[in-house]
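Given next are the chains, with one letter for each unit.
Protein chains: 2
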Amino acid sequence: MKLMSPGELESQLREIGATRYHHLHPFHKLLHAGKCTKGQVQAWALNRYYYQSMIPVKDASLIARCSHPETRREWRSRLVDHDGEAKGEGGIARWLKLTEGLQLDRDYVVSLHGLLPATRFAVDAYVNFVREKTLLEAIASSLTELFSPQIISERIEGMLSNYNFVTTETLAYFSRRPPQAERDSRFALDYVKAHARTTEAQQSVVRALEFKCDVLWAMLDALYHAYVAPRHIPPGAFEPQD
Amino acid sequence: MKLMSPGELESQLREIGATRYHHLHPFHKLLHAGKCTKGQVQAWALNRYYYQSMIPVKDASLIARCSHPETRREWRSRLVDHDGEAKGEGGIARWLKLTEGLQLDRDYVVSLHGLLPATRFAVDAYVNFVREKTLLEAIASSLTELFSPQIISERIEGMLSNYNFVTTETLAYFSRRPPQAERDSRFALDYVKAHARTTEAQQSVVRALEFKCDVLWAMLDALYHAYVAPRHIPPGAFEPQD
Numbered sequence: 279m280k281l282m283s284p285g286e287l288e289s290q291l292r293e294i295g296a297t298r299y300h301h302l303h304p305f306h307k308l309l310h311a312g313k314c315t316k317g318q319v320q321a322w323a324l325n326r327y328y329y330q331s332m333i334p335v336k337d338a339s340l341i342a343r344c345s346h347p348e349t350r351r352e353w354r355s356r357l358v359d360h361d362g363e364a365k366g367e368g369g370i371a372r373w374l375k376l377t378e379g380l381q382l383d384r385d386y387v388v389s390l391h392g393l394l395p396a397t398r399f400a401v402d403a404y405v406n407f408v409r410e411k412t413l414l415e416a417i418a419s420s421l422t423e424l425f426s427p428q429i430i431s432e433r434i435e436g437m438l439s440n441y442n443f444v445t446t447e448t449l450a451y452f453s454r455r456p457p458q459a460e461r462d463s464r465f466a467l468d469y470v471k472a473h474a475r476t477t478e479a480q481q482s483v484v485r486a487l488e489f490k491c492d493v494l495w496a497m498l499d500a501l502y503h504a505y506v507a508p509r510h511i512p513p514g515a516f517e518p519q520d
Numbered sequence: 279m280k281l282m283s284p285g286e287l288e289s290q291l292r293e294i295g296a297t298r299y300h301h302l303h304p305f306h307k308l309l310h311a312g313k314c315t316k317g318q319v320q321a322w323a324l325n326r327y328y329y330q331s332m333i334p335v336k337d338a339s340l341i342a343r344c345s346h347p348e349t350r351r352e353w354r355s356r357l358v359d360h361d362g363e364a365k366g367e368g369g370i371a372r373w374l375k376l377t378e379g380l381q382l383d384r385d386y387v388v389s390l391h392g393l394l395p396a397t398r399f400a401v402d403a404y405v406n407f408v409r410e411k412t413l414l415e416a417i418a419s420s421l422t423e424l425f426s427p428q429i430i431s432e433r434i435e436g437m438l439s440n441y442n443f444v445t446t447e448t449l450a451y452f453s454r455r456p457p458q459a460e461r462d463s464r465f466a467l468d469y470v471k472a473h474a475r476t477t478e479a480q481q482s483v484v485r486a487l488e489f490k491c492d493v494l495w496a497m498l499d500a501l502y503h504a505y506v507a508p509r510h511i512p513p514g515a516f517e518p519q520d
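Protein sequence lines, in the order shown, are assigned to chains A and B.
Take the first sequence: its position 103, counted from the start at 1, is 381 in the numbering used here, and no numbers get skipped.
Take the second sequence: its position 168, counted from the start at 1, is 446 in the numbering used here, and no numbers get skipped.
Hints in this document: simulated from the structure, not taken from any laboratory.
Check each hint, because a few of them may be wrong.
Said to hold, decoys possible - Restraint-style ranges between C-beta atoms, simulated for each label pair:
#1 B:L413 to A:V388: 25 to 31 angstroms
#2 A:E363 to B:S289: 48 to 54 angstroms
#3 A:C344 to B:G514: 29 to 35 angstroms
#4 B:Q481 to A:Y386: 35 to 41 angstroms
#5 B:N406 to A:M279: 29 to 35 angstroms
#6 B:L413 to A:Y386: 27 to 33 angstroms
#7 B:R461 to A:S283: 56 to 62 angstroms
#8 A:E293 to B:D383: 25 to 31 angstroms
#9 A:E367 to B:G514: 52 to 58 angstroms
#10 B:R475 to A:G379: 42 to 48 angstroms
#11 B:G514 to A:A364: 40 to 46 angstroms
#12 B:D520 to A:P347: 52 to 58 angstroms
This structure is a prediction, so every number in the text was calculated from the model and none was measured.
All residues carry an ideal CB built from backbone N, CA and C; glycine is no exception.
The task is simple: from the sequences and hints, build the whole structure.
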C-alpha cells in the first residue's frame with residue numbers, strides 16, 4: 279500500500295462505484311427494465327422508505343461529530359433537503375408521494391410493519407457506522423452519491439416508460455435529487471481528498487465506500503430473495519397482492 | 279391486549295418459536311437433509327462463525343447492564359461456555375474445529391473477509407439490541423435457545439448421516455450445546471415470566487423474541503440468496519470451489 283495522490287484516491291473511489299454500486303444488481307436491472315410486477319415495485323418503495331427516513335438521522339449524527347462550523351453548515355443542507363422547511367416538503371415527503379402513487383397506505387408504510395428485517399439491519403448498520411467510525415469514514419460513506427445521478431436518470435426514464443402505474447408526479451423525489459447529490463458528493467469528495475493524507479486514512483476511506491456499497495447491495499439482495507426468486511417472504515413482511 | 283399470566287406468556291413465546299424460528303427456513307431443511315453442497319455447508323459455517331464470535335460480546339454487554347450480582351453471576355456462565363477457561367477451549371474454539379473440518383482456512387474464517395455483509399448487519403443488530411433496549415428485552419431476545427436443543431439434535435443426525443466430509447469430532451460444538459442451552463433458556467424464561475408484569479412489558483418480551491427470530495432468519499435468507507438460488511454472491515464474499 280503506498281500513499282495515493284488525491285487524484286489517484288478519487289480514481290480508486292470511482293472504480294468502487296463502477297464495480298460495486300447497486301446499479302449492477304439484478305433487482306435494479308429488473309426495476310428499470312420494466313420487468314417488475316407492481317407488487318415488487320411496491321416492496322422496493324416500502325423498504326427503501328426506511329432508508330430515506332433514516333438519512334436525516336444519519337446526517338444529524340454526522341453533524342453532531344463535526345467541530346468545524348463550515349462543515350456543519352455545509353452538511354446541514356442535507357437535513358433541509360430531506361426534511362424540508364415545512365410539513366409535506368422535503369425528500370421524505372416526496373418519497374411518500376411515491377408510495378402513495380403505488381397505492382400503499384401511508385400509515386402502513388410509516389409504521390414499518392411490512393419492512394424486511396434485513397432492510398432494517400442494513401440501514402441501522404449504516405447509521406451506526408456514521409455514529410461510531412471516524413468523521414472521515416462517516417463522510418466517505420456518503421460517497422455513493424457520486425454515482426446516483428446516473429442511476430436516477432435511468433430510473434426515471436425506465437419506470438415512466440415501462441409502468442402504467444407510475445407517473446411523473448409520483449417520481450418527484452427523483453427529479454429533485456440529482457443536483458442535490460452532485461453538490462453534496464462534490465463537497466464530500468473534496469473533503470476526503472483533502473483529509474485522507476496517510477495510507478491508513480486512505481484505506482479507511484476506501485473501506486467506508488465499500489461498506490456503503492454493501493449496505494445498498496444487501497437491501498436489494500433481500501428484496502430479490504423475498505419478492506423475485508425464490509419469492510420467499512420472511513414472516514410478517516409485506517405480502518403483495520399480485 | 280390484556281395482561282397474561284406467566285403461563286400464558288410462556289405459551290405465546292413458544293408459539294413464536296413454533297412459527298418463526300429458523301428450523302422452518304428452507305436453508306436449514308436443505309442443510310439437515312444432506313442436500314447442501316460442501317461449498318454451501320462451508321458458507322453456512324463461515325457466516326455462522328461471526329454470530330458465534332459475537333455471542334460473548336453480546337453477553338458481556340448484557341451483564342454490564344445488570345445491577346444484581348445473582349443475575350450477573352448466572353449470565354457469566356455463558357461467557358465461560360463460549361470463551362472457555364483456556365486457549366483452544368469453549369464454544370468459539372469448537373466452532374473453529376467445525377470450519378477447519380470443512381477445510382476452511384482458520385485465518386480466513388477469523389478475518390471475516392468472506393462474510394456476507396447481511397450476516398454482519400444482522401449480528402450487529404442483535405448486539406446493538408442487547409446494548410440499547412431494556413434489560414428485560416435483552417434477556418428475552420436470548421429465548422431462541424428454548425428451541426435450539428431440538429434443532430441441534432436434528433442437525434447432528436442429519437449432517438453425520440448425509441455428509442462424508444462431516445465427522446463427530448467436527449460437530450463437537452453441537453454435542454456440547456444442548457445442556458447449556460437448556461440451563462440458560464430456563465433461567466431466561468423464568469426471568470421474563472417473573473419480571474414482565476405489565477401488558478407493555480409482556481409485549482416488549484414478545485417483540486424481542488420475534489426480533490431475534492428475524493435475525494436468525496435473515497442470516498439464512500442471505501445464505502440462500504448467495505449460495506443456493508439464484509446463487510448470487512455479493513462482491514467480495516466467500517466463493518465456494520464446488
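A quick look at each hint next to the structure:
1. B:L413 to A:V388: 25 to 31 angstroms: The hint (25 to 31 angstroms, Cβ to Cβ) holds, given that L413 of chain B and V388 of chain A are roughly 29 angstroms apart.
2. A:E363 to B:S289: 48 to 54 angstroms: Holds - the Cβ-Cβ distance for E363 of chain A and S289 of chain B, about 51 angstroms, lies within 48 to 54 angstroms.
3. A:C344 to B:G514: 29 to 35 angstroms: 30 angstroms, holds
4. B:Q481 to A:Y386: 35 to 41 angstroms: 20 angstroms, violated
5. B:N406 to A:M279: 29 to 35 angstroms: 31 angstroms Cβ-Cβ, so the 29 to 35 angstroms window holds.
6. B:L413 to A:Y386: 27 to 33 angstroms: 32 angstroms, holds
7. B:R461 to A:S283: 56 to 62 angstroms: This hint holds: roughly 59 angstroms between Cβ atoms.
8. A:E293 to B:D383: 25 to 31 angstroms: 28 angstroms, holds
9. A:E367 to B:G514: 52 to 58 angstroms: At 39 angstroms between Cβs, range violated.
10. B:R475 to A:G379: 42 to 48 angstroms: The hinted range 42 to 48 angstroms holds for R475 of chain B and G379 of chain A, with Cβ atoms some 46 angstroms apart.
11. B:G514 to A:A364: 40 to 46 angstroms: At 43 angstroms between Cβs, range holds.
12. B:D520 to A:P347: 52 to 58 angstroms: Because 57 angstroms falls inside the window, the suggested range holds.
Checked against the numbered hints above, the structure violates hints 4, 9; every other hint is satisfied.
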